[in-house]
Amino acid sequence: MRCRVLVSALISASVLSGCASWFSSSTRVEPTRLQAVRVEQPLKLKWSDSVGDVAHGGFLPVYQNGNVVVAEARGHIEVFDALSGRKVSELALKRELSAGPGVTDTLVLVPTTDGRLLAVDRSSGAVRWEQTLTSLALEAPQAGSEVVTVRTNDGRVTGFALADGKQLWSVSRVLPQLTVENNGSLQRAGDEAILAGQAGGRLLVLSPKNGNVLWEASVASPRGATELERVTDVVSRPVFDAGQVCAVAFQGRVACFDARGGNLLWARDVSSSRGLAVDERNVYVTGDDGSLWAFDRSTGRNIWKLDDLKYRNVSGPAMLGRYVLVTDGEGYAHLVAADSGRIVGRTKVGTERLTGQPVSLGDTALVLGRNGRLAMLSLE
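Taken in order, the sequence shown gives residues -20 to -1, 1 to 360; the numbers are from mature numbering (1 follows the signal peptide of the UniProt record, and there is no 0).
Keep in mind the hints are simulated off the structure, nothing from the lab. Bear in mind that the values here come from a model prediction, so they are computed numbers and not experimental data. Some hints could be false.
Stated by the list, open to error - Subject to a maximum C-alpha distance of 25 Å in a straight line, what follows is the list of computed SDA-like cross-link-like pairs (lysine to any residue):
| hint | residue 1 | residue 2 |
| --- | --- | --- |
| 1 | K146 | R168 |
| 2 | K189 | S152 |
| 3 | K24 | D288 |
| 4 | K26 | G311 |
Claimed, not checked - Distance windows between CB atoms, simulated:
| hint | residue 1 | residue 2 | range |
| --- | --- | --- | --- |
| 5 | V9 | K328 | 21 to 29 Å |
| 6 | G223 | R302 | 20 to 28 Å |
| 7 | K328 | R66 | 20 to 28 Å |
| 8 | V68 | T93 | 25 to 33 Å |
| 9 | A141 | G223 | 28 to 36 Å |
| 10 | G241 | S30 | 44 to 52 Å |
| 11 | Q147 | V9 | 46 to 54 Å |
Cβ atoms here follow ideal geometry from the backbone N, Cα and C, with glycine treated the same way.
Construct the entire structure; sequences and hints are all you get.
The structure is reproduced here in structure tokens:
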């Protein structure tokens, strides 16, 4: 656990220092100054509310059937109407949480700091069942119609029955000596597959029903002479869309695979622990230095690269309508034209760094600040 925390700290330090050597003295690279934007598409703050203590990027909000569900570290769970921002309900668990929620029509599923998984009734707040995990979970559970899947800090992915919490299966991989702290690289693709980014640049695709490995592939291979240089982990959410699965690795590359068999379609070198997004034409990736890339989905050809936000602690991208949305460490949200990479809109959301990727809801998106401020952004 100490090794994983160390690597995460070094990632942050390298981004701020312009990737200078850890052992040499160097001048801190200042965040790129923002240039004035010619607004072509207004980006509006639709509503916002304070939701409490969010410790890290694993506390992202979840959209479900017109509601936004968010949990905070002290055990408060709040439900908002997505259109108006009106608080619909709240639950107060007397348990500290290690990550945000997974949600069904009747349950909220949350991991605790003492290594438990709770299934909480959305109406009454009663704990319907709880299970002991093999380690701490630092990302939200992924809930399907019958199975909830959880990744723990020991590299294990486990499936539990939604009805009673019975463990159905468990899959593990040996972790290397050093890994990057993983706050969210588990992604459900309906009830057909679970995509799980792994340490060592690997991607697992599992059956949610029984945990069988549907296929496994290498997003990137470790390179370098030292253990630190060889850290190559997939620590952001893979994306499934239109027969493709795409993922990106820290100190590695972005790669897209055929979803049916796992055959590599293309790969390009870019280091990212921030994440990616896709539309019908392109794959968008935020590099660890804050640059934003667009690659053609079919060929991997580089379409454009935006350097105007380098060293600004830029989030992973999310689609907002036909635009690309990213946030930065000074509380700004930036709207980028998908075809050209130009910044065409901007708004100030808060005063503190926004945490994790924005959550895309089509023509709106959710962003969450480290100060616990939840906001809905809109193109309207």
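If you draw a straight line from the CA of K26 to the CA of G311, is it 25 Å or shorter? Measuring from Cα to Cα gives roughly 16 Å; hence the hint holds.
With the threshold set at 25 Å, check whether the alpha-carbon distance from K24 to D288 stays at or below it. holds, 21 Å
Are K189 and S152 close enough, with their CA atoms no more than 25 Å apart? Holds, because 16 Å separates the two Cα atoms, which is no more than 25 Å.
CB-CB spacing for K328 and V9 relative to the 21 to 29 Å hint: Once the Cβ atoms are compared, 23 Å apart, the range 21 to 29 Å for K328 and V9 holds.
Note whether the CB distance of V68 and T93 lies within 25 to 33 Å or breaks it. holds, 26 Å
Using the beta carbons of G223 and R302, state whether their distance is inside 20 to 28 Å or not. Check passed, 21 Å falls within 20 to 28 Å.
Cβ distance range 44 to 52 Å for G241 and S30, holds or violated: holds, 47 Å
Taking 25 Å as the top limit, are the C-alpha atoms of K146 and R168 close enough? holds, 19 Å
The hint says 28 to 36 Å between A141 and G223; measuring C-beta to C-beta, is that right? Since A141 and G223 have Cβ atoms about 30 Å apart, the given range 28 to 36 Å holds.
Using the beta carbons of Q147 and V9, state whether their distance is inside 46 to 54 Å or not. Since Q147 and V9 have Cβ atoms about 47 Å apart, the given range 46 to 54 Å holds.
Distance restraint evaluation - K328, R66, Cβ atoms, bounds 20 to 28 Å: holds, 23 Å
Violated hints for the displayed structure: none, as all numbered hints are satisfied.
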